[in-house]
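Enquirer: Protein chains in written order, with this note's numbering: chain E, 101 to 414; chain U, 101 to 414; chain W, 101 to 414; chain P, 101 to 414; chain L, 101 to 414; chain V, 101 to 414.
Since the hints were derived computationally from the structure, they do not count as laboratory data. Just so you know, not all the hints are guaranteed correct.
[Unchecked claim] Output of the computed footprint for chain V on chain E, the stretches with three or more beta carbons under 8 Å from beta carbons of chain V: (1) 138-146; (2) 268-275; (3) 299-308; (4) 364-370.
Computed from a prediction, not measured in an experiment: that's the story for all the values here. Idealized CB from N, CA, C, for every residue including glycine.
6 protein chains.
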Amino acid sequence: MGTISNVQEGERLVGFFLVKEREVRVAANGDEYIDLLLGDETGTIPSKMWDVNDQQKAAVQRKTILKIDGTVRHFRGKKQLQINRVRIANDEDNIDIQSLVQKSTTSREELWQDLRMVIDDIQNDVYGAIIRKLFGNKEIREAFTTLPASKVMHHAYYAGLLDHVVSLCHSTLQLLAVYPHLNKDLLLTTCLLHDIGKTRTIHDAITPEYTDEGQLMGHLVMSVEMINEAAFEAGFSIQNEEVVALKHCILSQFGDADKGMGSAVSGKMPEAIFFNAIEELDAKLNALQMNKGQSEDGWQYHPMFKRKMKTDHV
Amino acid sequence: MGTISNVQEGERLVGFFLVKEREVRVAANGDEYIDLLLGDETGTIPSKMWDVNDQQKAAVQRKTILKIDGTVRHFRGKKQLQINRVRIANDEDNIDIQSLVQKSTTSREELWQDLRMVIDDIQNDVYGAIIRKLFGNKEIREAFTTLPASKVMHHAYYAGLLDHVVSLCHSTLQLLAVYPHLNKDLLLTTCLLHDIGKTRTIHDAITPEYTDEGQLMGHLVMSVEMINEAAFEAGFSIQNEEVVALKHCILSQFGDADKGMGSAVSGKMPEAIFFNAIEELDAKLNALQMNKGQSEDGWQYHPMFKRKMKTDHV
Amino acid sequence: MGTISNVQEGERLVGFFLVKEREVRVAANGDEYIDLLLGDETGTIPSKMWDVNDQQKAAVQRKTILKIDGTVRHFRGKKQLQINRVRIANDEDNIDIQSLVQKSTTSREELWQDLRMVIDDIQNDVYGAIIRKLFGNKEIREAFTTLPASKVMHHAYYAGLLDHVVSLCHSTLQLLAVYPHLNKDLLLTTCLLHDIGKTRTIHDAITPEYTDEGQLMGHLVMSVEMINEAAFEAGFSIQNEEVVALKHCILSQFGDADKGMGSAVSGKMPEAIFFNAIEELDAKLNALQMNKGQSEDGWQYHPMFKRKMKTDHV
Amino acid sequence: MGTISNVQEGERLVGFFLVKEREVRVAANGDEYIDLLLGDETGTIPSKMWDVNDQQKAAVQRKTILKIDGTVRHFRGKKQLQINRVRIANDEDNIDIQSLVQKSTTSREELWQDLRMVIDDIQNDVYGAIIRKLFGNKEIREAFTTLPASKVMHHAYYAGLLDHVVSLCHSTLQLLAVYPHLNKDLLLTTCLLHDIGKTRTIHDAITPEYTDEGQLMGHLVMSVEMINEAAFEAGFSIQNEEVVALKHCILSQFGDADKGMGSAVSGKMPEAIFFNAIEELDAKLNALQMNKGQSEDGWQYHPMFKRKMKTDHV
Amino acid sequence: MGTISNVQEGERLVGFFLVKEREVRVAANGDEYIDLLLGDETGTIPSKMWDVNDQQKAAVQRKTILKIDGTVRHFRGKKQLQINRVRIANDEDNIDIQSLVQKSTTSREELWQDLRMVIDDIQNDVYGAIIRKLFGNKEIREAFTTLPASKVMHHAYYAGLLDHVVSLCHSTLQLLAVYPHLNKDLLLTTCLLHDIGKTRTIHDAITPEYTDEGQLMGHLVMSVEMINEAAFEAGFSIQNEEVVALKHCILSQFGDADKGMGSAVSGKMPEAIFFNAIEELDAKLNALQMNKGQSEDGWQYHPMFKRKMKTDHV
Amino acid sequence: MGTISNVQEGERLVGFFLVKEREVRVAANGDEYIDLLLGDETGTIPSKMWDVNDQQKAAVQRKTILKIDGTVRHFRGKKQLQINRVRIANDEDNIDIQSLVQKSTTSREELWQDLRMVIDDIQNDVYGAIIRKLFGNKEIREAFTTLPASKVMHHAYYAGLLDHVVSLCHSTLQLLAVYPHLNKDLLLTTCLLHDIGKTRTIHDAITPEYTDEGQLMGHLVMSVEMINEAAFEAGFSIQNEEVVALKHCILSQFGDADKGMGSAVSGKMPEAIFFNAIEELDAKLNALQMNKGQSEDGWQYHPMFKRKMKTDHV
């Protein structure tokens, strides 16, 4: 059966789809309709429900699951799903909402196991205690293991944040063989907690949005705040030298502050320099990988790079 | 009697001076000497103590007060104090170290009274509680009312930080008459606490230095940390909407983050835009004022502006 | 009765509207229609007049007043007014065109009184004479008191320029209490005349456009030219020290020239630094204020800031 | 006989030299001396007059001519002239001060003849009248034909401004054969008057300094002011379309304003784009030419380019 | 007869047109249509062929010539050609494809003659040999004399590259009269070969596209590669001093490398500085000339300048 | 025995030293002396040989080995070696010049063995052939295994280039476990050859200098030229897709071209993005490592980062 990512213009598409965005509009003829962004496991496609009544307007909300029989049309430069028949999914359909969102290739469970092994590898008492406090909190753990790393840019899928963190831990462990003088526990803890604030800046793993607090504070400082809370609970001063080194690596994760990339402070320790490099690399490679196979000639415009990239090559 | 700022080349200078920096050196002839930076209430001047013995090397440290009879010479493009006679000040000299450092024009005590009146004017319970927790802490209050706002750039004198904060409060109160729709309590609290982290990033009001933690974290984030501590103690969540607004104004105090001026996040509220403008203005006007009267034609190179400025004019 | 700013999609809108832009188009079916931008006291909305004949095409021009009975529709992501009935307003309708444009909250007359009081406060003979020459010119005064300060960015409404200038005078008078060492007459004259060139760069207060000369010269240099003309008429040299200081503050009003913000020269006097700060602040706060209340969650993208801003807050 | 530019370390140098800068200093031993910058037709060299008495201090000023017998020494990375014998030149020495400054290769008189031919070639009445008013003013003509184009950067020698302008006129005339659609009279007038404001921003052709007015206004706007004065005297409006085009080309002479290169407005006409290109090229090629032959390997650091340039090549 | 550039909205347009781009689409009603970009000697216009069958879809490709009878309509802010009747051109129509593309004003043959004269003027054996090797290659010569200099920016028409190179040779020859110390043969060879790599980076003179290799290498380095091949064949080392100077001027043709304009290295020789200036000037003036006469008031937005330019003026 | 890096001010230093730079100077008293930069295995120190005769001036050249008995003095803010006794080393001293230069911690021989293993691991025929051609050339191999990677910035020591390349190969092999979809042979070949052009841009492993050709071409393009030569000799087209991919990764090694970091083209393939990240990381970490242990408090200004870095930490 077709999916959003592989269906061609003119083809029929039948199945269950998740409502990711919806807005009620009035058309030129005075009729109301619902503007939809629909999603399945492979991607998203815009659509419209015409001639909707008040009951339908109330029923079709974000995260509603719809069963649709439609055809793909070309509309102002983009594919759109023209609905022939539609109904709201019911309990008997027995659809798991998670089957309708994009996910990491490795399962969330496997990724969590990988992460556990990294945590067990950390010797430093301070870092160990902070990590246990944070991941021991059920609410934080739930958010951390389901949220995307960002809405659009990279690892923008269910459990994308976890996928990103596990990838960074692996990179660090591999490169420590080349740069053995770097502080392993500081680096791994930075990998694990560098985006922990995203559990407060991104809301909802299925239809993610940025919180007010997230937009006003930024996830770097919010990661620091959560580390401070954990350190305090674990009985360590937030001015402890090792805690400060950890916070420094997190606050400088986007590179030089004077280049305006988003760091709160410029990296001033070798570990901060190292972490910025592998974090940026992982985000970029994931962004390229996420968008592979979408053009005929292998070239595709990437907003992250602001140029055409050759994602499919020799 | 002459002072450092008004003494001319070739003139004699006699009095008590504070050792602000010192380093032992070996001259070309093999003799040891001490390289000094001396200060009085009006400024600083380099000097050298020749032919020093071990006892002198041990006695002359940072913050030592020296009685000197010397002459001002020209040496590689700058004035230097050539010492004719020198001795270490003793108890009988009865010199108060604070009489040998540059200070704000308004006394520390008056500034503190001004600040108290501003605090009394704040209605908001959350902000009021946080301010009382912080200024109620004797150690913080002591640092806050004696430290400079920076080592070199602006308000670089004893109690300069307090002077800067009081000036910002006055600017805010005056401009609220023009922009009455802005949130007064949020603005005044931002003025009061925007640099509170400097009490942890700058060490020693007499011979100030930046702490390791300060260089690794930056005073913006450290101000936020101190506010969080105070909010927690006062029984407010650090995610409280008003606390978040306050922290936002502080984290964006240097303007747009993507311009690389040092903000942790770009200002996104009118109060943040307002505070950035008056903070930058006060720093610039103070920097120009601090360096007035130092050139013959009224023009002088300013590192903050990276150009010659006309500080004495029509 | 509904207005452009508060009407909702699907609602009816009846009243008089000003034609702010119009263009005759040919539709896909070969019929001609007029593309309109309509305005009332609260804002603007696009519309279309279909099946127009030659007489209508000739009659409906910029500044024509139309009486319309229409319904608001959603069209390509924006509201549009669908016309049910339309006619051109006649003398009996007795509509004042000024009642159909956005205006400053304070009336033009009150603003002018405020300005007069500021002018009376200026002691300096040179500045006083230049101001009287310029505001004594009826044509300049008429333009100065009706034009917007810009077409889109800030104070983009009838008498917006006057509103902006009065606001700057108030800011200056208030802040002089904090910075009494600044030259009051120089600052107030800069406030009054910094945009005087806009009377030659912007044409027509109702449907404003930039003149050719304005685009080729910029309003900074044109303000200087008008000041020179006035100084010459008043018998002062354009190289007079006070005139030069005034022109310097105007030419540097957008901040450092090497940052490419539009200044002709970088500010090199404390007054120039001061004026740049308050001018930029007033423009930003007005831009935020102008766009308040237009989104549900209080966040809105602002072209001036190139990011989403939280204009409605705690 | 040796000259400043060709004398080697260790060699003797005897002759008349012009005092270009001087300052009285006090040495470590308490003696006063005069710090000098001496010049001849080929360049400049620092020197010191030791043990000077009050009479000598009074007599040796900027523009004083000294007869010196000295030896060239190496002092802190630079050549310095060590004076063995010195006296102030007297009338009998019969030294023309102009023989002691660097000059253009073509004589001032020939350059002026070239310029006259260009002026005669201009057909446009408005431009012709403005040019005649300005060059008809004796004071302006005297300054224009003797000043350097800048103190250090390019054409930094006696009559350098005239040399630069003549070179630009020649470039324009040559390139009009390639781009015949450009407005010849507009371009030539721009060449002739683009730096006319420098007659007010630079003071003294022999020991040039920037005036206060020049630093506060910039020579672009001052050129416009002088053109306005001339247009007014000649009976043309300063808003005349041709006058505006001329002023536009002058105000945009340093390229795009938003790149912060110093233009008051960005070039928006083909002639403005053209003039910026040839002006920048002439300045750069002259800067390279001025510094030719000063290093052994043909490579030399250039402040204008901020890198090493290969000025002597294949 | 009407042409694409002079036809007005509502008018009929009849003639032969070249298919420059085409894509098959599915409309909202399920029908297939072909989206077209049509061109003639004066410009391009979008169009749509409705209700196309499989045979038509196969027949209408890039470079197909269509005979169309249509009417110009306004569609989403742009002109569009609404087709009334259409057929594919046949042999009897006897249409030369080159008559349907934009071309340089001077004919390709004349430009080539101009170029030959420049080549004959070069004395230097090394440069002469390299030029002969490259232009002696029939494939290179064919591409060089038919390709545009770029797809959109400047000289974006048939033989535009040749037109650009000839223009640069003329500029150089003219300016050598002003700067006779520059190396004539180096400059002319740089003009001739600076874009020779474009014969490998741009594919097809009629419907030009960038090659994969071109996007991965850039035409600067590819020009250097072709020069190396020619030098090798001609028996000269690629490290030969004159060959290196030539490659330097080509690699630095876009100005300072640290400004990110696209140069591989910053210009470090006077000839490199010179070439960058005339190349940029020629590209800009051509871009302005290409877009002349397209707006009513003479002002038009230019993507190369990122602002409105006044292309039709006094 | 003391070495340059561990000797303290006032201490005696005796041993053999390499002359790295020398220049004959004339002192204020007229005597000639030689300004020296001396080096041993641990670093460099300036010195002066006084009262030198013609024979000494001729004998003491770059790379001369001197035996010196001296004392370390403080001179204008830096250590300097004051010579008590000095003679030129003779054959009997039997000093190997390589024992007097800084070197990689791993021996050149071991590094070469590592590199050989990487080469043997490459499967791709094209890349294998190019690598064998280049490293099979004795002259290239000799330069490649002895030169520093740069004069000052990073890996600035004997065999530093080889050290850098081996480190990059290790990083790549380690990270391929995390990013297995990347092209291993392309990445390893890029590591091996990305700086191969430095064998032509840097001259002399003992006292390295940049060649004229290197400054005019840059090592990126010169690496491409050498790869082209090798591909040609090995019978592959320089337009071969795999050769182009390799050259692309090399030309984009410094990141985005439009940021002006020195790349000839922006990276457009995942492998180019990857290589830029690990190359920059290795350079930065090495720069930090090279300068470790030189300050008391662990903080030190780094020209590469343009800020103080904390190189010695928790």
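Enquirer: Output the numbers, in ascending order, of every earlier hint that fails for this structure.
Expert: Hints 1, 3 contradicted; others consistent.
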